[in-house]
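Let the hints inform the model, and build the full structure from the sequences given.
Residue numbers (this note's numbering), protein chains in the order written: chain P, 18 to 438; chain X, 14 to 156; chain G, 15 to 484.
Errors might be hidden in some of the hints.
Unchecked claim - Taking lysine-lysine pairs in the BS3-like style, the calculated list, with each CA pair at most 27 angstroms apart, reads:
no., chain 1, residue 1, chain 2, residue 2
1, G, Lys89, G, Lys110
2, G, Lys83, G, Lys433
3, P, Lys216, G, Lys23
4, X, Lys20, G, Lys251
5, G, Lys110, P, Lys258
6, G, Lys110, P, Lys285
7, X, Lys65, X, Lys141
8, G, Lys253, P, Lys319
9, G, Lys62, P, Lys114
10, G, Lys433, P, Lys319
11, G, Lys62, P, Lys319
12, P, Lys116, G, Lys433
13, P, Lys216, G, Lys18
14, G, Lys18, X, Lys47
15, X, Lys82, P, Lys23
16, G, Lys95, G, Lys132
17, X, Lys65, X, Lys104
18, G, Lys18, X, Lys82
19, P, Lys291, P, Lys278
20, X, Lys40, G, Lys62
21, G, Lys393, G, Lys279
22, G, Lys89, G, Lys145
23, G, Lys19, P, Lys211
24, X, Lys149, X, Lys90
25, G, Lys393, X, Lys20
26, G, Lys398, P, Lys116
27, P, Lys154, G, Lys18
28, G, Lys119, G, Lys279
29, G, Lys95, G, Lys48
30, G, Lys432, G, Lys251
31, G, Lys178, P, Lys116
32, P, Lys319, P, Lys156
33, G, Lys178, G, Lys318
34, G, Lys393, P, Lys116
35, P, Lys319, G, Lys145
36, G, Lys145, G, Lys62
37, G, Lys433, G, Lys318
Quick caveat, the hints were computed from the structure, so don't treat them as lab data.
Now for the letters of each chain:
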Amino acid sequence: MGENRKIGLLLLIFLFGAVGFSNLFLLQGNKELTPIIIYGVIVLLMSYSYFIIKRFFVDGDTFIFMIACLLTIIGIIFLYRLDILNLYLHNQDILAKAKVPRVITNYALKQLIFFAVGITAYLIIIIVLRNFENLRKYKYVYLVFTVIFMCISTFFGSEILGAKNWVFILGYSFQPSEFGKIFLVLYLASALDKYKSWKNLIEPAAVVTISLLFMVLQRDLGSALIFFGISVTMLYIATSKFKYVFTCLILFFLGSFASYKIFYHIRKRIMIWKQPWVYASNESYQLVQSLIALGEGGLFGKGLGFGHPEFVPVNASDFIFPTICEDLGMLMGFAILILFFILFYRCMRAALTAKDNFSRLVAVGYSSMIAAQTLVIVGGVTNAIPLTGITLPLISSGGSSLIITYFALGVIQKISEEGKE
Amino acid sequence: MSLASLKYVFTIGLLAIIYFIIAYTLKLIYSDVKDGGKERLPDKPLGLEVIKSFREGKLKKGSIVPIYKETTIGRGKDNTVVIDDPFVSTKHARIFLKNNSYYLEDRGSTNGTILNGEQLSGITKLYKEDRIEIGKMIFKIVG
Amino acid sequence: MDLKKNIKKVLIVYLLLFIALFSYIGYFEVFKAKDAVQSSFNSRLWVKRAEVLRGTIYDRNMSPISISKKINDTKQVREYKGGEYTAQVLGYVDEKYGITELEKKYDNVLSNEQLDVKETITSLVEGKNKKGHNIVTTLDMDLQKKCYDLIGDNKGAAVCINPKTGEVLALVSKPSFDPNSLKEDWASLLKNQDSPLLNRAINGLYPPGSTFKTVTLVSALTNIDGVENQTFKDNGKLKFNEKEWIENYGGAAFGSIKLNKAFYKSSNVVFGGLGLTLKDQLYTTAESLYFNKTITSSDMDIKKSQFPKAKSSEPGNLAQSAIGQGTVLATPMQMAIIASAVANDGVIMQPYLVSKILKSDNSSYENIESKELAQVMTKETAEKVKKYMREVVLYGTGRNANIKGLEICGKTGTADFKKNGVDMPPHSWFIGFAPYNNPDIAVAVIIEEGGRNSEKAFSIASKIIKSYEK
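Encoded structure:
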């Protein structure tokens with residue numbers, strides 16, 4: 018029965034993890050048991066969650082859950098690989114009596130904790146939440162939260178790596194724009210739900226434009242691009258009118274052109290995108306190192322642990338993709354992209370079976386959020402499009418992003434469940 | 014073999030497994046999509062066998078009513094299985110198919126539905142040999 | 015339902031975006047990855063270079079010029095024993111300032127212990143010794159030093175080649191720098207107006223002046239029948255119109271002379287006139303002698319020398335080009351290989367710097383053979399030009415620097431030039447070879463702004479040749 022086949026998939030994922038983590042275990046100079054423990058925790062988490070889902074939804078779709086977990090596992094494997102490297106570098110620096118030895122990192126353990134939190138959120142949503150449709154009533158609540166999250170960074174934010182989209186509260190950093198995306202989708206879904214004519218579009222258009230403006234001011238161009246993608250996609254699904262999409266694209270080009278003229282930091286990004294090698298010693302250093310890592314990896318990579326991610330800046334979050342490609346090659350990079358598309362496909366399928374408009378729009382919104390983010394960051398680090406400072410969902414190190422993504426996936430799963438009745 | 018040479022083994026292993034997962038997933042999805050579009054009969058169709066009849070009529074003891082996608086039971090004439098029993102509500106219960114499994118649901122009947130000796134609450138999955146009591150009728154689920 | 019179609023359309027749009035991304039990555043991998051990896055910003059290459067002890071560069075007599083020593087597992091230091099003498103020809107290797115010249119050309123050889131399958135297998139079996147290959151250059155360190163010292167306080171370059179084989183015996187450029195103190199000197203090196211980092215011998219472009227008459231001579235002998243028997247009238251001026259003419263140096267007029275005297279007296283009037291007669295043919299000859307063409311060498315990037323395509327409606331330009339002025343520009347290396355062509359029966363041998371690649375224990379790995387570049391003139395023409403060049407030293411402009419017993423042949427040159435429209439002291443050139451019978455060294459020397467005293471370059475050149483022939 019289909020059931021056995023799906024358990025088969027689960028086991029394959031476990032096998033992948035086993036190979037990956039045992040590789041990590043052998044890579045360590047001091048044979049610590051940490052990777053084995055991490056693997057054990059992951060297996061437990063996944064098995065437990067799998068059976069919970071099965072119990073509450075006998076015929077529940079587990080693809081979304083399993084693919085998301087697989088991607089997260091790939092992330093944790095590589096984050097631990099980076100931890101091993103950073104420990105080694107730290108010790109080398111100590112030996113060489115360097116004044117500021119490189120820091121020891123704990124990306125993997127942190128990510129594991131957030132993974133657990135994310136899965137918990139996922140499970141809570143699909144079990145506890147009933148009648149998703151009811152949530153469409155809170156349009157103005159969503160609007161308020163969207164705007165709050167969008168502009169929090171402008172007023173209270175700190176600038177990191179050229180983008181002002183981090184806020185520090187009590188020593189913990191989080192990205193408000195990540196939360197903003199969640200509320201934006203909810204708001205747009207409730208606003209577009211009642212679409213009858215273009216007059217209904219004025220209010221959402223204003224909200225989206227203001228949000229985009231804040232993003233550009235904060236120099237968070239990646240989020241701006243993703244917002245735009247989500248909005249246009251939802252608009253098309255809601256109205257079925259291609260002319261609106263077309264209008265949005267025109268406005269987008271006009272807006273980009275204007276911002277290009279006005280803002281120096283946008284001109285700089287375009288400059289770097291067109292001629293990365295010319296500015297390699299300074300402005301485009303990160304991008305150049307990313308391209309070198311991609312090239313070094315070739316098709317099959319150099320082997321897990323045999324690349325040189327120490328030369329790639331921000332290798333645990335924004336540039337995790339080239340880090341993975343240097344170790345395991347383009348083939349792994351392609352595999353990850355394929356998995357993201359499959360995930361996107363399954364999520365959109367939930368939109369297909371949704372029973373009401375609001376749910377449908379939310380499903381589309383969250384699906385395109387994940388897909389757009391993947392396209393924008395992978396496009397950026399390979400220089401297909403200008404580089405922006407966002408992360409690869411599920412794989413990059415980062416708590417807010419991981420939890421938000423599992424939240425969105427939980428909602429999509431819930432919509433798909435309700436849709437089948 | 015040193016770790017350096019082992020790395021080739023690991024790399025091939027990881028890549029092979031992940032592409033196998035992709036192919037496997039695509040295959041599962043494809044068969045999922047194919048089935049989802051059609052209305053097909055379940056692998057193991059179930060039927061309702063009359064164990065004890067209220068009164069001799071159309072539903073004799075031993076007769077079997079096949080359950081298709083949905084079977085409604087009640088006193089009303091629009092039900093699939095009509096039971097002319099005053100203790101049976103107009104819309105009494107419903108058996109439906111969902112993703113290869115059958116479920117029994119009480120439709121807010123006055124006297125309730127009893128499944129395997131217990132009062133039915135909510136929706137429950139049905140298995141072979143399950144006994145359903147509606148009014149004075151007793152049914153058994155058969156394969 | 016309408017919406018189902020919409021969702022499917024959206025799915026397809028995103029699918030296309032993913033496919034586009036795929037294709038871009040594939041395109042990058044196939045076409046651009048190699049350049050990315052070899053970029054000087056790739057620190058991984060430095061890690062690799064640091065792991066293996068970089069090979070030694072020797073001169074032709076196996077005296078080491080550039081050697082590396084390991085400080086610890088991941089660091090090594092290179093000592094450039096040739097210092098300023100060889101800074102430009104050998105180059106340097108530095109994490110911050112890059113890899114240049116020969117160090118760059120042979121980087122792969124010097125920093126790798128496995129150059130082919132056989133060596134890879136050997137290292138797998140016997141274990142790695144982590145030492146790169148050594149290379150033996152064709153340079154003669156004593157000669158190199160002599161050239162450098164003789165140029166003295168002047169700016170300029172010297173090139174010495176063996177005309178029979180193409181081996182570069184010395185390649186000097188001044189002013190120079192000390193690669194051992196790159197870090198300390200870098201800022202001032204960049205600001206220095208005299209460009210000490212420039213390798214003038216192969217990258218400096220100068221008007222060749224009268225040394226170019228050698229090319230004009232070759233062209234005349236090849237294209238004008240009976241030119242050797244012709245009598246030319248040199249009355250001191252070659253007029254094109256009322257306002258423009260060419261003069262001989264010092265206003266000299268040589269009267270009725272034959273070609274050989276015109277050559278050894280370096281008559282601008284006669285050779286300017288030859289330019290007018292030859293027209294396009296001079297251009298053809300110049301190109302066959304590698305002007306406007308790349309002198310191929312696997313060891314050096316030699317800048318292209320330039321000879322303009324003048325129109326017959328511009329007699330002034332034709333004449334100026336024929337005497338190596340106007341817009342004619344040549345590298346010292348270019349002029350050296352012209353001299354070596356004459357010395358070698360008209361055949362130019364490809365100039366090369368490295369003759370042997372050795373393994374780290376100095377056992378032989380690969381020998382590099384001389385290669386012919388081209389036959390640029392007939393043997394007869396070469397013989398004639400050789401004779402004419404001997405006469406320059408015996409009777410002509412070079413006789414003051416003639417050294418007994420050495421049988422030097424050559425052509426002196428003074429090249430006028432302007433900087434920002436102002437007349438500067440002209441460059442002093444000499445190209446030549448020795449001995450007359452069976453020449454084994456060809457040289458080109460230029461002293462920038464050496465002045466009208468064309469003897470400057472020649473006296474230096476003859477001393478260089480003397481020290482070589484000892």
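Query raised in the report: Can you name, in rising order, the numbers of the hints this structure does not satisfy?
Result: Going through the list in order, the structure violates hints 2, 4, 5, 8, 10, 12, 16, 20, 25, 26, 28, 29, 31, 32 and 34 and respects the others.
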